[in-house]
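Chemist: Here is how the chains run, residue by residue.
There are 2 protein chains.
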Amino acid sequence: MSELKGACIVGQSGGPTSVINASVYGVIDTALKNPNITRVLGAEHGIKGVLNDRLFDMAQEDPAELELLKYTPSSALGSCRYKMADPDVDDTDYKRILEIFKKYDVRYFFYNGGNDSMDTCNKISKYMSRVGYECRVMGVPKTIDNDLAGTDHCPGFASAAKYIATSFMEVSRDSQVYDKGMVTIIECMGRHAGWLTAAAALASVKNDGPDLIYLPEVDFSMEQFVADVKRVYAEKKNCLVAVSEGIHYADGTFVSEAKTSGTDGFGHAQLGGLAARLADVIKAEMGVKVRPIELSLLQRCAAHCASGTDIAESFMSGKTAVEAAVAGATDKMVGFACTRDENGYKCEPKLFDLSLVANTEKKVPLEWINEAHNGVNQGFIDYCLPLIQGETGMVKEDGLPRFVQLKKVFAK
Amino acid sequence: MSELKGACIVGQSGGPTSVINASVYGVIDTALKNPNITRVLGAEHGIKGVLNDRLFDMAQEDPAELELLKYTPSSALGSCRYKMADPDVDDTDYKRILEIFKKYDVRYFFYNGGNDSMDTCNKISKYMSRVGYECRVMGVPKTIDNDLAGTDHCPGFASAAKYIATSFMEVSRDSQVYDKGMVTIIECMGRHAGWLTAAAALASVKNDGPDLIYLPEVDFSMEQFVADVKRVYAEKKNCLVAVSEGIHYADGTFVSEAKTSGTDGFGHAQLGGLAARLADVIKAEMGVKVRPIELSLLQRCAAHCASGTDIAESFMSGKTAVEAAVAGATDKMVGFACTRDENGYKCEPKLFDLSLVANTEKKVPLEWINEAHNGVNQGFIDYCLPLIQGETGMVKEDGLPRFVQLKKVFAK
Numbered sequence: 001m002s003e004l005k006g007a008c009i010v011g012q013s014g015g016p017t018s019v020i021n022a023s024v025y026g027v028i029d030t031a032l033k034n035p036n037i038t039r040v041l042g043a044e045h046g047i048k049g050v051l052n053d054r055l056f057d058m059a060q061e062d063p064a065e066l067e068l069l070k071y072t073p074s075s076a077l078g079s080c081r082y083k084m085a086d087p088d089v090d091d092t093d094y095k096r097i098l099e100i101f102k103k104y105d106v107r108y109f110f111y112n113g114g115n116d117s118m119d120t121c122n123k124i125s126k127y128m129s130r131v132g133y134e135c136r137v138m139g140v141p142k143t144i145d146n147d148l149a150g151t152d153h154c155p156g157f158a159s160a161a162k163y164i165a166t167s168f169m170e171v172s173r174d175s176q177v178y179d180k181g182m183v184t185i186i187e188c189m190g191r192h193a194g195w196l197t198a199a200a201a202l203a204s205v206k207n208d209g210p211d212l213i214y215l216p217e218v219d220f221s222m223e224q225f226v227a228d229v230k231r232v233y234a235e236k237k238n239c240l241v242a243v244s245e246g247i248h249y250a251d252g253t254f255v256s257e258a259k260t261s262g263t264d265g266f267g268h269a270q271l272g273g274l275a276a277r278l279a280d281v282i283k284a285e286m287g288v289k290v291r292p293i294e295l296s297l298l299q300r301c302a303a304h305c306a307s308g309t310d311i312a313e314s315f316m317s318g319k320t321a322v323e324a325a326v327a328g329a330t331d332k333m334v335g336f337a338c339t340r341d342e343n344g345y346k347c348e349p350k351l352f353d354l355s356l357v358a359n360t361e362k363k364v365p366l367e368w369i370n371e372a373h374n375g376v377n378q379g380f381i382d383y384c385l386p387l388i389q390g391e392t393g394m395v396k397e398d399g400l401p402r403f404v405q406l407k408k409v410f411a412k
Numbered sequence: 001m002s003e004l005k006g007a008c009i010v011g012q013s014g015g016p017t018s019v020i021n022a023s024v025y026g027v028i029d030t031a032l033k034n035p036n037i038t039r040v041l042g043a044e045h046g047i048k049g050v051l052n053d054r055l056f057d058m059a060q061e062d063p064a065e066l067e068l069l070k071y072t073p074s075s076a077l078g079s080c081r082y083k084m085a086d087p088d089v090d091d092t093d094y095k096r097i098l099e100i101f102k103k104y105d106v107r108y109f110f111y112n113g114g115n116d117s118m119d120t121c122n123k124i125s126k127y128m129s130r131v132g133y134e135c136r137v138m139g140v141p142k143t144i145d146n147d148l149a150g151t152d153h154c155p156g157f158a159s160a161a162k163y164i165a166t167s168f169m170e171v172s173r174d175s176q177v178y179d180k181g182m183v184t185i186i187e188c189m190g191r192h193a194g195w196l197t198a199a200a201a202l203a204s205v206k207n208d209g210p211d212l213i214y215l216p217e218v219d220f221s222m223e224q225f226v227a228d229v230k231r232v233y234a235e236k237k238n239c240l241v242a243v244s245e246g247i248h249y250a251d252g253t254f255v256s257e258a259k260t261s262g263t264d265g266f267g268h269a270q271l272g273g274l275a276a277r278l279a280d281v282i283k284a285e286m287g288v289k290v291r292p293i294e295l296s297l298l299q300r301c302a303a304h305c306a307s308g309t310d311i312a313e314s315f316m317s318g319k320t321a322v323e324a325a326v327a328g329a330t331d332k333m334v335g336f337a338c339t340r341d342e343n344g345y346k347c348e349p350k351l352f353d354l355s356l357v358a359n360t361e362k363k364v365p366l367e368w369i370n371e372a373h374n375g376v377n378q379g380f381i382d383y384c385l386p387l388i389q390g391e392t393g394m395v396k397e398d399g400l401p402r403f404v405q406l407k408k409v410f411a412k
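Protein chains in written order, with my numbering: chain A, 1 to 412; chain B, 1 to 412.
It should be emphasised that the hints constitute simulated quantities derived from the structure, not laboratory data. Treat the hints with care, since some could be wrong.
When chains are identical, the list treats them as one kind, so a pair holds in a single copy or across two.
As the list claims (entries may be wrong) - List time: in silico DSS-like cross-link candidates among lysine-lysine, alpha-carbon distance up to 25 Å:
#1 Lys289 to Lys95
#2 Lys396 to Lys123
#3 Lys180 to Lys407
#4 Lys5 to Lys103
#5 Lys5 to Lys126
#6 Lys283 to Lys95
With the hints as constraints, model all of the structure from the sequences given.
Modeler: Shown next as C-alpha cells:
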C-alpha cells in the first residue's frame, strides 16, 4: 500500500457513551504523533461539522487536558444524528465533504459512532473511491447498545453494563429493607437488543441481582409477566425486575407504545415511561407497593462508574484505527476479537468491512436467554463479566470529576 | 453518672441511605469492644424487631465481614416505618419493649434513623425513665434529606449530594452533545426540605451545573418556571433543571399531587412523576425536546459514589453514641458541630436533646436561595462542598461492589 500523507478529521455521532471520548482520544493522541498525519481536525457535531466547515485544530489543545478525554463522558466534540442520503439519489452532501477534504487536504477520516455512523462511513468511503479522491475512512465503534455486528462487543457497552449491575446491586439492597415487601421495576435502554438489560444479571454474581429479566429478543406477554411477579413475590415478599425499553408483544407492538411521543433524527421512536406503565399493571393486579425506576441517560454517561477494561479498549480502538489507516486500511471498522478460557480474557483489535457492519443489529443470542424468557443464563455472564473489570482512572477535584475542558480553536 | 453494665440493642428505621450501615458499624464495633456492654444485639426491622423479639447476636459475625458495613448501602439489619403511639394513650408497645429489655438485660438502646426515629427514641427514653427502668437511649441520625434540627448536617446527606452533583455533571455533558438543543429536568428527593436538590448546584463548581433549581422552601409558579426555561433556552439552546419532588404552589398543593398514589407508613404522601409532568408542560409550551429524569432510589443507595467524609462521620456518630452513653448520656442524638474557615472544614460530634430534634424539620435557609427563587448562592456551596470530599473505600470483587453478607444469628 502506498504511503499517504495528509490531514485527518475525527468526528463523533449518535448518542454518547461514558467512553466515546476515550476512543476519540485514542485517535487524536495517535494521530498527533504520527508523521504521516499532517494535521488533526475535530469535527464539531460529527459530519455536520464537516459540512459546515467547523473543524477544531486539535494540536492547539494542551496534551494533559486532552488526556482527560479518557475519563470524560459524552461526545466532547459534539455529536449529531444525521442520516446521509444515498449518493446515487442526492450527492449534495458528498460533494461538499469532498470540497472540505480538498480544502484541508484531508486524507484520513475517522468516525466514532454506532451502526448508523458506520453506514455514513461506508457511504463516504465509497463516494471518495468512486470520484478517485484518495482518502482512508475508518469507523471507530461506540454504542452502549452493543448491537454492532462482527465485533465481540462494542466500546461503551461495558461501562453502561457496570453501572447497571452496580445500580441493581444497590437498589436490590435498598428495596429489601422493610418487612412489607415491594416490587421494583427498573427500565434499561435498548430498543431492539437486550444487552444492557441482560447486564443487570451480573449483579446476581454477587447475589444482589434481579429476579426477572425481560429482553426485546423474545415476545413479551403481560399475563406471563404478572404471573412471574406474583410467583416471585409469594416466595420472597419482594421482587426486582429488569426490563428493556424495547419489549414488545408477539405482534411487534412496543409495550410502551401508547406513551411514545416523537422520534429521533433517524426515525426511531423514542421510548420511555415503560417502567411506570408496568408498575401500574402490577399495582392494579396485586395491590402491593411498586417502584418504577428508569435509568434513562444516567446509564450512558455514568463515567464515574466506567469499566477500566472498557476505557482501555476504547482507547485501543481509536489508536488501532489510526495505525491501520496509515498502514493502508480503509473502509473498515475496528472491532474486537476476544477469547475467554482458562487463561482468562483476551481482547485483540480486528478490522471488519464497514459494509458488513452498517445498519445491521446484533442481538442477545437466544441460547443465552432462559426457557421461561424471564432471565439469562451463565453463557451471558461468562461473556459479559470480563468486560466490566477494572475501575476508571477519573481525576477528582473538589470531590467531583475533573472533566476535560477543550479550547476548541477552529482550524484556519 | 453511675456505671451501667448490660446489653445493648441497635436498630435502623426509615428510608435507608448509602452510609446508614457505617453508623451502625460505628455502634457495633465500639460496643463489641466496650467492657460495660455485655452483649450487642441487632434489631431486625428496627423497633419491630424488639417488639417481635427478633434480635441478632452481633458477636456471631466475622469482624472483617462486619467492617464491610462501612461500604454497604441500605439498612443491613432491616428497617421499618413504625410510628409509636403516645404512651399516655396506648402503652402496649412500651410494655412489650420493657419486657424485652428486661429479658436480655438491655441497658443501652441505639436507634439509627431520621426525625420520626428520633421521636421513637424520645418516647422510649421518657417511658423507661417514668417506669424507673435504667436504660440509656441514644439517637444516631441518618437521612439523605438533611432535615434534622440542631446538627450542622446529617449522615447520609453528603453521599446522596455527591451522587447528585456527579450525575448532574455527567448528564449536563450528555445533554449538550447535539446542536439541536434539549431541556433536561431532573427530579431529586426531598418532600419539604430542598437540600438534595440544592446539591445539584455543586456541579456548578466544575461548570457543569444546572441552569435552574427549584426548592420546596419557596412557592413554585408554573408560569415563572416556563418563563425561566424559555429564557435560558433562548440563550443557550439548552437547559438543565433541578427540581425537588416537594415543590408546591402558593396554596400548598404539591405540583405532582394529581399523580400521587398511596402514602408511606407515617402518612406522608408518596410523591413521584413530577419531572415527567413538568416535561409535558415544557413540551407543550415550547415544542422542544425534553427529557425528564427521576433519580428515585438511586440517589439514596449509590454507595459506589459515597462521600469519604460522610462515611467517616457516620462511623463517628455511631461510635460517639456508644461512648457517650457508657459515660452517662441518655435521651440525646449525636449530631455534628462544624466550622468552615481559612483553616478548612472541621467536624466534631455534639449531643442534642432528642426532644429538640424529634419531629422538626430543618430547611434550606432562605438567604441561600437566590432572589428569583430558581437557584442557590455561594452560601450553600460553602456549606455543602466540604461534606462531599473524599471517596469510598468500597471493596470490589468481579468488578462489582463486595457488600456485607451477615449471618444474622438470632440471640438466644
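Chemist: Next, verify each hint and record whether it holds.
Modeler: Hints, one by one, checked against the model:
{"no.": "1", "hint": "Lys289 to Lys95", "in the structure": "neither (59 Å within a copy, 31 Å between copies)"}
{"no.": "2", "hint": "Lys396 to Lys123", "in the structure": "neither (41 Å within a copy, 44 Å between copies)"}
{"no.": "3", "hint": "Lys180 to Lys407", "in the structure": "between (54 Å within a copy, 21 Å between copies)"}
{"no.": "4", "hint": "Lys5 to Lys103", "in the structure": "within (15 Å within a copy, 86 Å between copies)"}
{"no.": "5", "hint": "Lys5 to Lys126", "in the structure": "within (20 Å within a copy, 85 Å between copies)"}
{"no.": "6", "hint": "Lys283 to Lys95", "in the structure": "neither (57 Å within a copy, 37 Å between copies)"}
This entry does not satisfy hints 1, 2 and 6, going by the numbered hints stated previously.
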